[in-house]
Amino acid sequence: MIDWAAIQREALDIFVRYLQIDTTNPPGNEKPAARFLGSLIEAEGLETEYIETQPNREVLVARLRGDGSKGGLMLCNHTDVVPVEARYWDMPAFEGVVRDGRVYGRGAVDMKGCGVMQLIAFLLLKRQGLPLKRDVVFCAVPDEEAGSAWGMGWLCKHRPDVVDVEFELSEGGMGAARFAGKPARLFSVATNEKLAAGLKLTAVGTPGHGSRPHEDNSAIHLMRALLRLHEWDRGITYTPDTTAYLERLADAGLMPPASDAAAVEAQIRRSPALYAAFVNTLNVTMVNSGIKVNVIPAKSEAMLDCRLLPGQDREAWRQEVIRRVDDDRIEVEFVTRNATGAAPAADWDTELFWTINNVIKESMEDAVVVPSMTVGATDNRFLRGRGIPAYGFIPCLLSPEEAAGFHGNNEFLTVENLNMGCELMYEVVRRFCC
Amino acid sequence: MSRIDWDAATAEAVALLREYLRIDTSNPPGNEALAVEFLAGILSAEGIAFEVAESAPGRSNLFARLGPPAGGVCLLNHTDVVPVEREYWSVDPFGGELSDGMVWGRGALDMKGMGIFELMTFILLKRQGVELRESVTFLAAADEEAGSAFGVSWIERHRPAWMDTDLVINEGAYGLVSSRGPQVFQVAPTEKVPLWVKLTVRGRPGHGSVPHGDNCAEHLVQALERVTRWQRELRIVPIMRSHVQAMHAAGFSNVATDEAALAEAQRSPSLRARLSNTVTVTTIGTGIKVNVIPAEATATLDCRLLPDADPDTFLHELRDVLDDERMQVEVLNRFIGAESPMDTRFVQVVSDVVAELVEGAQIAPEMTSGFTDSRIYRLRGIPAYGFVPCLLQPEELAGVHGHNERISVENIRLGLQVLYEVVRRLVSA
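Chains as they are written, first to last, in my numbering: chain A, 48 to 481; chain B, 119 to 547.
In case anyone wonders, no lab produced these hints; they're calculated from the structure.
For every residue, glycine included, the Cβ atom is placed at its ideal position computed from N, Cα and C.
Take the hints with a grain of salt, since some may be wrong.
[Claimed, not checked] Stretch-level coverage of chain B by chain A, calculated; a stretch enters the list once three of its residues show a Cβ under 8 Å from a Cβ in chain A: (1) 357 to 371; (2) 408 to 417.
[Unchecked claim] The calculated lysine to any residue pairs, modelled on SDA-like cross-linking and capped at a C-alpha distance of 20 Å, are: (3) A/LYS339 - B/THR318; (4) A/LYS346 - A/ALA363; (5) B/LYS316 - B/ILE500; (6) A/LYS346 - B/ALA516.
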C-alpha cells in the first residue's frame with residue numbers, strides 16, 4: 048500500500064525546494080535543477096545521466112527497465128522557466144511560498160509542478176518494485192522556453208538513443224475546472240500543437256530633432272503597421288483535430304452542436320484561449336523605438352508572437368503579413384531563422400490515450416477527456432516529428448486563475464492539485480507500463 | 119594691435135574642433151568632464167584663469183572671465199552632444215574627420231563648433247590685448263541636451279556668480295544660405311517651450327500564444343496612432359511674423375503674408391513647428407520576451423509649445439486625444455517661455471557687422487524650435503540670443519541631432535570672424 052499522506056508531504060517538500068532554484072531562461076542555468084532532481088533519484092539507488100548541452104545547462108536522464116515486451120514511455124519535463132516581472136508579484140517568485148493551500152513560484156504550473164508529479168510517479172514505481180513491461184524514462188530538459196536548441200532540440204540531434212521510446216508524456220494539455228464560464232472537469236490531452244512563427248517588424252525612417260516633427264518618423268510607420276495588423280480579422284479555421292475536439296465537447300454538453308455553426312463560432316470567439324486554437328494568432332509582445340525623448344527615431348522595431356494552425360506554412364504567413372502591412376518601409380522577418388516546419392499530429396486513438404481516459408474517468412465520474420491542440424509550443428513537437436505519440440498531459444484541474452500563471456504573475460499551483468497530479472500520474476504510468 | 123591672421127586663426131580653430139569632436143560627450147551619460155579638461159588645457163596654455171565645478175561624477179562645467187569682474191557679455195556653449203545612431207553615419211561620429219572641406223562629427227553644429235568660435239574669440243581678445251570696457255565670460259556647460267540639470271540649472275544654484283552677465287550669446291539660430299544666392303544671419307530672442315511627457319499603460323500579462331484583448335502594447339500603439347493624427351491649430355506669434363517678413367525681404371522666401379505663411383506651414387515641417395504646438399513620438403518601449411504579453415508599456419512624447427501657450431490646456435487636449443482611461447500621463451520636464459527684446463545694441467551690432475563683413479547678407483529674427491540654455495537667462499531677465507554666425511545649406515542643417523553632422527571650413531572661418539567682431543565691438547573701449 049502507498050501511504051499517500053506521506054507521499055503528499057514528500058511531493059510538497061520537493062516542489063518547494065525545486066521552485067527555489069532560479070532557472071530563468073535566458074540564461075537558464077538549469078544544471079542545479081537537473082542535479083537536484085537527479086539527487087532524489089540517486090537516493091533511491093538508481094543511476095542517472097547528466098548530459099551537458101552548454102555550460103551550466105544539463106539534461107537529466109534516468110531509466111527504469113522494463114521486460115522489453117513493450118516500447119518505452121518517456122516522462123519529460125523542462126526545468127527552465129520564463130522571466131519574472133518582479134514588481135507585479137505579491138511575493139518572491141523564487142522562494143516556493145506556501146500560503147492558503149497554494150504553492151507560489153515561477154514554474155509552479157509551467158512546468159516544475161508537473162515535473163514533480165512525474166518524478167513522484169517514477170520514484171513510486173521503483174519503491175513499489177512492480178515488474179514493468181515498458182522502460183520508463185525520466186527526462187528533465189533545459190531550454191524549452193527559449194526554443195529548445197539547448198534542450199530537447201539538442202537531445203534529438205545528438206542523443207537519439209535517449210528519445211528512442213514508443214510514447215511520451217509532457218506538458219501541453221491539462222484539466223480545466225471551468226469551461227466557457229461553467230464549472231467542468233475537462234481534461235485535455237494534447238496531441239497536436241500550433242507552430243511558432245514569430246515575426247520582427249523593423250520600420251526605418253529619417254531621424255531628426257524632436258522639436259521639428261516630420262512625417263517620416265519610424266515610430267509612426269511602425270504604429271500604423273501594427274494598427275493595420277490589429278484590425279485584421281483572419282476568421283476562424285477548423286482543422287480535423289479541432290473538429291473532433293468540438294464534437295466531444297458537444298457530446299458532453301459543453302459546446303453547442305456542430306450543426307449550429309453561428310453559436311459554435313460565437314462561443315469560440317468569447318474565449319481567447321479557445322479562439323487561439325482556431326486562428327493564426329498575432330500578438331504584439333515587444334516594441335522598441337527611440338533613444339532619447341528629443342530625438343526622432345530612425346528605426347523602430349516590434350516583435351510579434353505568431354502561432355500558426357497545423358498545416359500552415361511559415362513563409363506563406365510572412366507574405367500574408369507583408370501584404371497586410373502594405374508598407375515597403377517596413378521589413379518583416381522571422382524572429383527565429385531556423386524554426387522547423389509544421390509538425391505532424393500524433394494519433395490520439397492509442398493505448399496511452401485510453402489509459403489516461405480510463406484513469407481519469409474512474410477517479411472522477413463526470414470528467415470529460417478530449418484530445419486537443421496546444422496553442423503554445425512544447426517540446427512534444429520534436430518527438431511527434433520522430434513519429435512518437437507525444438502527449439501534453441498535466442493531470443490537474445486548474446482554475447482560470449491558476450491557468451493564468453503560465454508566463455503570468457503570481458504563478459501558483461494548489462496543494463490539492465499537486466496531490467491529485469501525483470496520484471493520477473502514478474496511476475496512469477503504473478497501468479500503462481505494468 | 120596687430121591684425122589678426124584669419125587664415126592661421128581658422129586653421130587653429132579647425133584643429134581644435136577636430137580634437138574636440140573626438141571627445142565623446144554623448145548625453146546620456148555626458149562625461150563632460152573630458153571636454154572641460156580639453157578646454158581647460160587650452161585656456162591654461164593661453165595663461166587665462168578659469169574655474170571648474172563638478173555637478174555630478176564625470177560631469178563638470180567651466181567658467182572664465184576677462185576684463186571687469188561682473189556684467190558684460192557671456193559666450194555660452196554646451197559641451198554635451200546627443201547620442202548617435204552609428205549605423206547611419208558614413209564617417210566615425212567621434213573621429214574628427216576632415217574631408218571635402220568639412221569637419222565631420224557629432225557636435226560639429228550642435229554645438230562644439232560654436233563652442234570653438236567662442237573659445238577662439240575669447241582667446242583672440244586676450245592675445246590681441248583688446249582693452250575691455252566690459253567683461254567677457256566664457257561658460258562651457260554640461261547637460262544641455264538632457265534638460266540642463268547638471269549644467270546651467272546647476273550653475274544657477276551653485277555658481278550664481280558665473281551667470282553675472284548683461285547679455286548671453288548662445289546657440290539657437292544658424293545663418294542660412296540658399297542655392298539661389300540670398301544669405302541670412304538669424305538671431306533668436308525666444309524659443310519653443312518643451313513639455314516632455316511619458317505615457318504608461320498597464321495591461322494583463324500572459325503567454326504570447328493567446329491574445330487576450332488586454333495587451334498594453336496594443337493599447338499604447340492605438341493611443342499613439344491617434345496622437346499622430348491629431349491636427350493642431352496654426353498660429354502666427356509676433357516674432358514669427360517678423361521672421362516671415364524678414365526672410366521675404368532677404369529674398370529667402372516668397373512668403374510675405376500671414377495667409378501665405380499658414381499655407382506654407384502645411385508643406386514645411388520646419389515652419390509648422392514654429393507656428394504650432396508640436397508632438398513627436400520619440401520612444402516606445404515594452405516587452406521582455408517575444409512569447410510573453412507585457413504588463414506595462416511606455417512611450418515618450420516630445421511636445422513643444424509656442425512661447426505663449428498654456429501647458430495645462432495642452433495636456434488636457436492631449437488626454438482627450440489619447441482617449442484611454444488606462445493611460446497614465448506624466449510630465450517629465452516642463453519649462454516656461456520667455457522672450458528677449460530685439461531693439462538692443464547687440465542686435466544693432468550684429469546687423470552692422472554682418473553688413474560690413476558679408477556682402478548682401480541680411481539678418482532676421484527667429485524663434486528657436488528647440489530649446490537652449492538661453493531660457494534660464496531669459497527667465498532671470500537677462501537678454502539671451504541664439505546666434506550661430508554660419509551660413510548653412512539645408513542638408514547641413516539636417517545633421518543637427520541627425521546623421522553625418524558636419525561644418526565646413528569656410529563656415530568655421532566665417533563664424534569665427536563674425537563672432538569675434540561682434541563681441542569686440544560690444545566690449546572694447
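When the hints from earlier in the document are held up against this structure, which numbers fail? Going through the list in order, the structure violates hints 1, 4 and 5 and respects the others.
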